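The primary structure of each chain is shown beneath.
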Amino acid sequence: MTDRSAKKSIDRRTLLKGAAGIAGIAAGSGAITGFPYVRSAEPKVLRYLGTAVNEGDDISKKCFEDTGIKIEYITATTDDVTKRVITQPNSFDVLDTEYFSLKKLVPSGNIFPLDARKIKEFDNITPVFTKGELPNGKKIGGQGTAPWKVLYLEGENSKKFSATPTEFITLIPTVYNADTLGIRPDLIKRPISSWTELLNPEFKGKASILNIPSIGIMDAAMVVEATGQHKYEDKGNMTKPEIDMTMKIMTEAKKAGQFRAFWKDFNESVNLMASGETVIQSMWSPAVTKVRSMGIACTFQPLKEGYRSWASGFCVSKAVSGAKLDWAYEFVNWYLSGWAGAYLNRQGYYSAVLSTAKANMSADEWGYWMEGKAAVGDIKAPDGTILEKAGAKRDGGSYDDRMGAVACWNAVMDENDYMVRKWNEFIAA
Amino acid sequence: MKPDRSTFIAWLQAAPMMLVFGLFFILPLVFVTIVSAWDYNEYEMIPAFSLRGYTDTFDGCIAGLPDLCTILKTYLKTLKLCLLTWALTLVIGFTVAYFLAFHVRSKTWQIVLTLLCTIPFWTSNVIRMIAWIPLLGRNGLVNKGLEGAGLINQPLEWLLFSEFSVVLALVHLFTFFMVVPIFNSMIRIDKRLIEAAYDAGASGWQTLVDIIIPLAKPGIVIGSIFVVTIVMGDFVTIGVMGGQQIASAGKIIEARLNALQFPAAAANAVILLGITILIISSLTRIVDIRKEL
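Protein chains in written order, with the working numbering: chain A, 1 to 429; chain B, 1 to 293.
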């Protein structure tokens with residue numbers, strides 16, 4: 001029918017014939033065999049809601065090859081992803097989001113936890129997520145909405161996070177990283193070792209932070225604590241006076257002209273840095289890589305106070321059930337089976353299941369990205385462009401060095417409402 | 001009987017527009033107003049009467065005196081940008097429209113030149129932002145040019161991510177909305193009036209002030225309404241060109257929406273709507289558009 005109608009015009013006869021044919025097929029499909037067109041299962045399609053950062057065409061292409069599941073990306077900004085889950089839970093199947101937004105998503109009841117027993121590699125997921133420690137047992141910083149605090153639910157339909165492991169997983173971990181400041185070493189010309197440098201008058205008019213309150217406030221807190229002006233009980237859950245104090249320091253800096261611009265979008269951060277409008281700013285790892293691939297020196301500078309970390313994972317919409325839910329499990333299992341993990345690692349992120357990713361990377365790649373070793377050959381991006389020449393080492397060193405130095409996680413605070421208002425004041429100041 | 005019938009037909013003729021207007025404009029506005037008086041928590045709206053959206057917005061306005069509170073500061077800033085943009089688009093738009101209406105003789109050229117004014121709309125906001133950096137940035141064309149000419153020693157920082165760049169971008173974008181209605185008013189001016197003025201010995205300036213400007217008034221007011229309403233609600237251009245460091249009324253609404261505080265966002269939308277209506281109604285007081293059309 002589709003073939004026929006694709007040809008030129010449809011006259012009344014063919015239309016009738018076609019309609020009769022379909023009626024016949026529909027009537028006989030139960031008994032008559034040999035109608036592959038009708039018998040073949042409906043195509044496996046999953047609508048995947050997330051931010052642009054994780055939505056690679058390569059991943060969906062490879063996934064289709066391996067599993068036959070077609071991924072349809074729905075791309076939105078961090079804030080819009082959350083908004084969409086709350087307001088239109090039927091408009092997506094699989095959700096890829098950050099752990100900090102769970103404090104809003106779980107109480108809404110619009111997402112469905114996945115069953116850990118159906119995730120093949122669940123036991124191999126890095127203990128960063130499950131216990132808050134490195135594979136070697138070292139505890140890592142847990143201020144803010146750390147993933148292990150919101151990983152488990154008390155029951156399938158529960159809206160309460162469980163402190164002890166259960167099989168109901170809010171988000172199946174996929175990708176995470178340790179963020180810090182990006183700098184232009186060619187323009188700064190001296191070593192940078194502390195978060196305090198963000199507000200150093202030396203960089204007046206050449207600094208920037210993100211204009212996403214949940215993330216920006218954490219960077220601000222790192223700076224305030226580094227300057228020794230205040231020690232927070234929990235940077236990721238400030239009291240009202242702490243929010244006031246933090247925003248006051250940032251507002252003074254803003255009024256003094258410290259910031260060139262605030263950024264919200266990945267590409268904005270790349271442009272600010274590449275054009276030399278800013279020389280020091282909060283940044284994401286692939287943005288640094290992108291600036292560097294333009295032939296401009298840019299360092300993802302490790303700082304002595306540690307990193308601000310983030311993590312994201314998969315869950316499904318509460319509207320997903322039956323066969324679609326099975327495909328969702330199949331997709332998540334595929335995602336953790338190694339190919340995607342290796343792909344993420346090569347972008348400078350970290351994959352949730354290290355063992356399967358390792359099996360999909362060369363020893364040299366693994367050494368460069370994960371062990372902090374000097375590259376033996378050239379290091380290539382997933383698309384084949386050369387990122388680093390042989391001999392280069394990753395900024396910040398190995399996985400253990402970087403993840404081990406995490407000080408806090410992106411967060412939604414109890415005083416979030418107040419914080420957002422104060423953030424608006426800061427922007428308006 | 002007859003007048004009844006004709007009013008009925010008039011209503012019938014207006015009905016489709018009324019329906020569209022009612023469904024897609026009035027009804028949503030009513031919803032926004034209702035929601036603005038609801039309560040909310042972290043993730044949902046609570047349909048219980050609460051003026052929290054409003055009181056939060058004006059928080060500290062009285063306690064913080066004599067310092068201005070955030071909302072007043074934001075609106076003053078938005079009004080300032082609006083006024084600057086309006087004044088500049090008016091002068092430029094009027095000049096362009098004057099040129100098109102009185103100096104360009106052929107209809108074809110008038111159309112071609114008017115279409116040229118739409119060029120700023122051919123690019124997306126992101127592209128536009130990226131395009132301004134190489135021009136106005138610290139290492140941009142303008143700064144490099146001025147340095148090369150020996151006029152400045154240090155790059156001018158205020159060229160980009162400043163009120164200057166915001167107004168520049170807004171004028172660049174919205175002058176078109178001034179040009180079209182003013183041009184439309186101008187070509188309907190009876191040419192004989194201008195000839196009569198000339199014959200009566202009026203100077204070019206007198207003709208402009210006494211004949212053309214009064215007759216182009218409806219166009220000026222309509223253009224002004226376009227520009228004022230767009231700039232009052234704009235947050236993308238102000239955000240992008242101001243380096244996200246300049247607050248605007250629209251930005252507050254966006255920030256509230258992003259924090260899922262829909263009632264608070266609705267309250268701010270109602271406030272913005274009220275202020276914009278005030279401006280527009282005072283504009284229409286100056287000129288009765290319906291009479292002039």
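One thing to keep in mind: the hints can contain errors.
Said to hold, decoys possible - Once the Cα atoms are required to be at most 27 Å apart in a straight line, the calculated DSSO-like pairs of lysine-lysine come out as:
1. A:K204 x B:K144
2. A:K103 x A:K44
3. B:K73 x A:K254
4. A:K373 x A:K358
5. A:K159 x A:K138
6. A:K254 x B:K191
7. A:K70 x A:K44
8. A:K138 x A:K240
9. A:K264 x B:K77
10. B:K191 x B:K77
11. A:K240 x A:K255
12. B:K80 x A:K255
13. B:K144 x A:K248
14. A:K44 x A:K120
15. A:K240 x B:K73
16. A:K264 x B:K80
17. A:K240 x A:K264
18. A:K240 x A:K149
19. A:K160 x A:K204
20. B:K107 x A:K254
21. A:K380 x A:K44
22. A:K189 x B:K144
23. B:K107 x A:K204
24. A:K139 x A:K231
25. B:K191 x A:K248
26. B:K80 x A:K248
27. B:K77 x A:K255
28. B:K73 x A:K264
29. A:K138 x A:K255
30. B:K73 x A:K255
31. A:K204 x B:K73
Don't read these hints as lab results, they were simulated from the structure.
Small disclaimer: the values here were computed from a predicted structure and weren't measured.
Verification of the hints:
| no. | hint | in the structure |
| --- | --- | --- |
| 1 | A:K204 x B:K144 | 21 Å, holds |
| 2 | A:K103 x A:K44 | 31 Å, violated |
| 3 | B:K73 x A:K254 | 16 Å, holds |
| 4 | A:K373 x A:K358 | 15 Å, holds |
| 5 | A:K159 x A:K138 | 31 Å, violated |
| 6 | A:K254 x B:K191 | 56 Å, violated |
| 7 | A:K70 x A:K44 | 6 Å, holds |
| 8 | A:K138 x A:K240 | 32 Å, violated |
| 9 | A:K264 x B:K77 | 22 Å, holds |
| 10 | B:K191 x B:K77 | 42 Å, violated |
| 11 | A:K240 x A:K255 | 22 Å, holds |
| 12 | B:K80 x A:K255 | 19 Å, holds |
| 13 | B:K144 x A:K248 | 36 Å, violated |
| 14 | A:K44 x A:K120 | 20 Å, holds |
| 15 | A:K240 x B:K73 | 22 Å, holds |
| 16 | A:K264 x B:K80 | 25 Å, holds |
| 17 | A:K240 x A:K264 | 25 Å, holds |
| 18 | A:K240 x A:K149 | 22 Å, holds |
| 19 | A:K160 x A:K204 | 45 Å, violated |
| 20 | B:K107 x A:K254 | 52 Å, violated |
| 21 | A:K380 x A:K44 | 33 Å, violated |
| 22 | A:K189 x B:K144 | 22 Å, holds |
| 23 | B:K107 x A:K204 | 54 Å, violated |
| 24 | A:K139 x A:K231 | 20 Å, holds |
| 25 | B:K191 x A:K248 | 62 Å, violated |
| 26 | B:K80 x A:K248 | 25 Å, holds |
| 27 | B:K77 x A:K255 | 15 Å, holds |
| 28 | B:K73 x A:K264 | 23 Å, holds |
| 29 | A:K138 x A:K255 | 41 Å, violated |
| 30 | B:K73 x A:K255 | 14 Å, holds |
| 31 | A:K204 x B:K73 | 24 Å, holds |
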